[in-house]
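Please arrange chain B on chain A, whose structure you already have, making use of the hints.
Sequence lines, in order, name chains A and B.
Read the first sequence against the working numbering and you will find it ends at 414, with the numbers running on by one and no gaps.
Read the second sequence against the working numbering and you will find it ends at 414, with the numbers running on by one and no gaps.
Derived from the structure by calculation, the hints contain no laboratory data.
One should not assume that every hint holds.
One copy or two, it doesn't matter: identical chains are merged, so the pair holds either way.
Taking lysine-lysine pairs in the DSBU-like style, the calculated list, with each CA pair at most 35 Å apart, reads [stated by the list, open to error]:
no.: 1; residue 1: 301; residue 2: 256
no.: 2; residue 1: 256; residue 2: 221
no.: 3; residue 1: 208; residue 2: 28
no.: 4; residue 1: 331; residue 2: 53
no.: 5; residue 1: 53; residue 2: 332
no.: 6; residue 1: 294; residue 2: 256
no.: 7; residue 1: 167; residue 2: 256
no.: 8; residue 1: 414; residue 2: 204
no.: 9; residue 1: 53; residue 2: 305
no.: 10; residue 1: 132; residue 2: 28
no.: 11; residue 1: 53; residue 2: 414
no.: 12; residue 1: 204; residue 2: 53
no.: 13; residue 1: 47; residue 2: 28
no.: 14; residue 1: 331; residue 2: 305
no.: 15; residue 1: 221; residue 2: 208
no.: 16; residue 1: 129; residue 2: 53
no.: 17; residue 1: 332; residue 2: 47
Protein chains: 2
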Amino acid sequence: MGLAREVAIIGGGMTRFHHSLHADKISREIFTEAIEDCLSSVDKGISPAKIDALVIGGTVGEFFEGQSHYASLMADWTGLLPIPSLRVETACASSSTAVEVAALGVASGMYETVLVGGVEKMSSLKTEKATEALMSGIDIAYEYPVGVTNPALYAMMANAHFKKYGSRWEQLAAIAIKNHHNASLNPKAQYPSEVLELGNKIGSKQGLSFKDPMDFLKSSANPMVSYPLRLFDCSPITDGAAAVLVTASCNAKSYTDTPVYLSGLGHASGTMSLHERPDLATIPATLEAAKKAYAMAKIDAKDVDLAMVHDCFTIAELIATEDLGFFKKGEGGRAAEEGRTSLDGEIPVNTDGGLKAKGHPIGATGVAMVNEVYKQLRSEADKRQVNNAETGLIHNVGATGGTVVVQIFRK
Amino acid sequence: MGLAREVAIIGGGMTRFHHSLHADKISREIFTEAIEDCLSSVDKGISPAKIDALVIGGTVGEFFEGQSHYASLMADWTGLLPIPSLRVETACASSSTAVEVAALGVASGMYETVLVGGVEKMSSLKTEKATEALMSGIDIAYEYPVGVTNPALYAMMANAHFKKYGSRWEQLAAIAIKNHHNASLNPKAQYPSEVLELGNKIGSKQGLSFKDPMDFLKSSANPMVSYPLRLFDCSPITDGAAAVLVTASCNAKSYTDTPVYLSGLGHASGTMSLHERPDLATIPATLEAAKKAYAMAKIDAKDVDLAMVHDCFTIAELIATEDLGFFKKGEGGRAAEEGRTSLDGEIPVNTDGGLKAKGHPIGATGVAMVNEVYKQLRSEADKRQVNNAETGLIHNVGATGGTVVVQIFRK
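Here chain A stands alone, though its shape is the one from the complex (with noise of 0.2 Å):
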């Protein structure tokens, strides 16, 4: 099945990732400021007028916030009263599958353009309590009650990787030193620096210093957060929002020359709860997305160029590089120690710093990545701008894959 019309981007826009910088703001703030980046980003420019629709992404703003209903509140934020407004949610895949729902929105016929936005804002929650709401996000009746966490999860996974493949942590550090150096490249990112900077800025607080990332990386600095997952195989807490805007392709050009086409669409549910999957060392939803996507676009993974996947934690990034079909099951860690996934290498992975070091705001994030490839597409990327790419994909899971959404992007 294919779209009854093409949908494009034609502008994206976000606010800076971070910890702490927006502490005083609550969400809606947060949201507009993104919202603001991405009109203004429209280079022949946008009426508010011509924005029929606003689908928002928001995961757990129940929690951190005590709100929901967060589309009005948008709407009515952002000045786009009375337009229609809805909340998509699959956890951490919300706001790409609010870019989904959007790009159906548009192509059924409904509405000409629409503005997609994500917001999540964290850091009013203390770590623990902040692991604790997100465990909502899986299976309450099976997984919560026996007191594991998402981190606690995703290393089972890395456990059942090593074992079947002889994978090793090695090459998860190698996907943390290569996201957080795309993310000193980007001046949105909740970490822009190098992982041996912020290292050596951990460090002395220990009276330790580092020359070598893996120095630090290995060292009683970087601590084992669950086996073999330490603090940097891990995405921060983050508070953020991103936008993009979808309109009718055949519409596009009078927003932007330049405008990027979706060109691929797959959506996969898997099972909420790690034991009942057979095999631990894949994400079948991911498997499943991504057939459908490559179909639609008619392309194949070879023909990606660069892609955002999510790196909730490295095992997460360097399972993806194989489920999406860019490496050969088992092959995923070396191809990251070898630097096949850089921004020089094959196929450029999470350009942006990925949910490691750009941040996870979680309802934000699929957005964000959508307009990380939106920017890369247009050569609006600076100094981590991938040369040539004219095939974007995006890769965004909820929770450990109760949801899979993979979209794919060309010029």
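What follows is chain B alone, placed relative to chain A:
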């Protein structure tokens, strides 16, 4: 704007709505029951393999169950993996918005058949805590901190309406009596009983007995909640689920000889806070959503044969019947009192008992409204059947009107 292809409903189902019947179940169990009822309602049968996606409405599960990411969970528990699934949230309008998203998905050509469900398990919290949880749909920065609750906000609207138009509490009572009468003909309703029957049950605990429903409604056995709203002006706390099946009209007849067609989609956002509205005796988003839905369906209010409107409080039904254009502004109360919205009136409203008496499991309410319209337009509503019903409307409100969804269906 219209849809690229027409959309139809080919099945509908629901659980009994109830305050205690489902107490031992968690939401997935309640949801599955509604899905089974819906799928088995398809006249010519449907194979689960024909279902391309699942869209669900769920509103406050974070507070009531500590669970988010419901869509994936429900796809799993209904045996529908790995189809795409997503949750839509617009407070109390969540599941009619889910119907809208499903319709856009089908109209876009992406999907052929989409299952839409809504569920809420609310009985796990005591009323005070539940009321607090429901306040998450209101503005947490302005209304929540001053201590108002949903009953208080609707009470303000009632007082404004009384003052502006001279409407009276007795007119609200007439709405409660009518909706309980309709519910007495609906075995799926939470309270399938006349007001008088319930009143005598409640009164007997205080040694009171009543011969007329108004005697009970004016008595201490029907206590004041927020002036002028008494207990029987308020919808209850409810557990329940409902579902409908949406498909492309061109294929609908392979599932049933009597599909029901979606002819009008209206959806608008309004301010979250009442203090931002110049007139509390109307809900601006209802006016806007109705205008859109009527325009798309190419009909007028007078062409509607029956309507399910959002009577979270009796005053909400009164205002809705005016805002939807069934009666002139200020005449909704008198119309109710005169029986013009009764089953045999000129425009039967809430034939299933409404939120007031059928129950209001937040995330299931919108899709339950669509289910009732589906049954009515197929002449399957038994004792509450409206004669010669060809066009039905649903009106679903998020919180106090931050979101309003209006949908029109025809035979």
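Comparing the hints with the structure gives:
1. 301 to 256: Both. Shortest intra-copy (24 Å) and inter-copy (32 Å) distances satisfy the 35 Å Cα cut-off.
2. 256 to 221: Close neither inside one copy (51 Å) nor across copies (64 Å); limit 35 Å.
3. 208 to 28: Within one copy only: 29 Å inside, 51 Å across.
4. 331 to 53: between (45 Å within a copy, 32 Å between copies)
5. 53 to 332: between (46 Å within a copy, 31 Å between copies)
6. 294 to 256: both (30 Å within a copy, 31 Å between copies)
7. 167 to 256: neither (49 Å within a copy, 50 Å between copies)
8. 414 to 204: neither (40 Å within a copy, 69 Å between copies)
9. 53 to 305: between (37 Å within a copy, 31 Å between copies)
10. 132 to 28: both (19 Å within a copy, 27 Å between copies)
11. 53 to 414: both (23 Å within a copy, 34 Å between copies)
12. 204 to 53: neither (47 Å within a copy, 56 Å between copies)
13. 47 to 28: This pair counts as within: shortest intra-copy Cα distance 31 Å, inter-copy 55 Å.
14. 331 to 305: within (12 Å within a copy, 63 Å between copies)
15. 221 to 208: Classified as within; 16 Å inside a copy, 70 Å across copies.
16. 129 to 53: Result: close neither inside a copy nor across copies, 40 Å intra and 45 Å inter.
17. 332 to 47: neither (45 Å within a copy, 44 Å between copies)
Comparing the model with each numbered hint stated earlier shows that hints 2, 7, 8, 12, 16, 17 do not hold.
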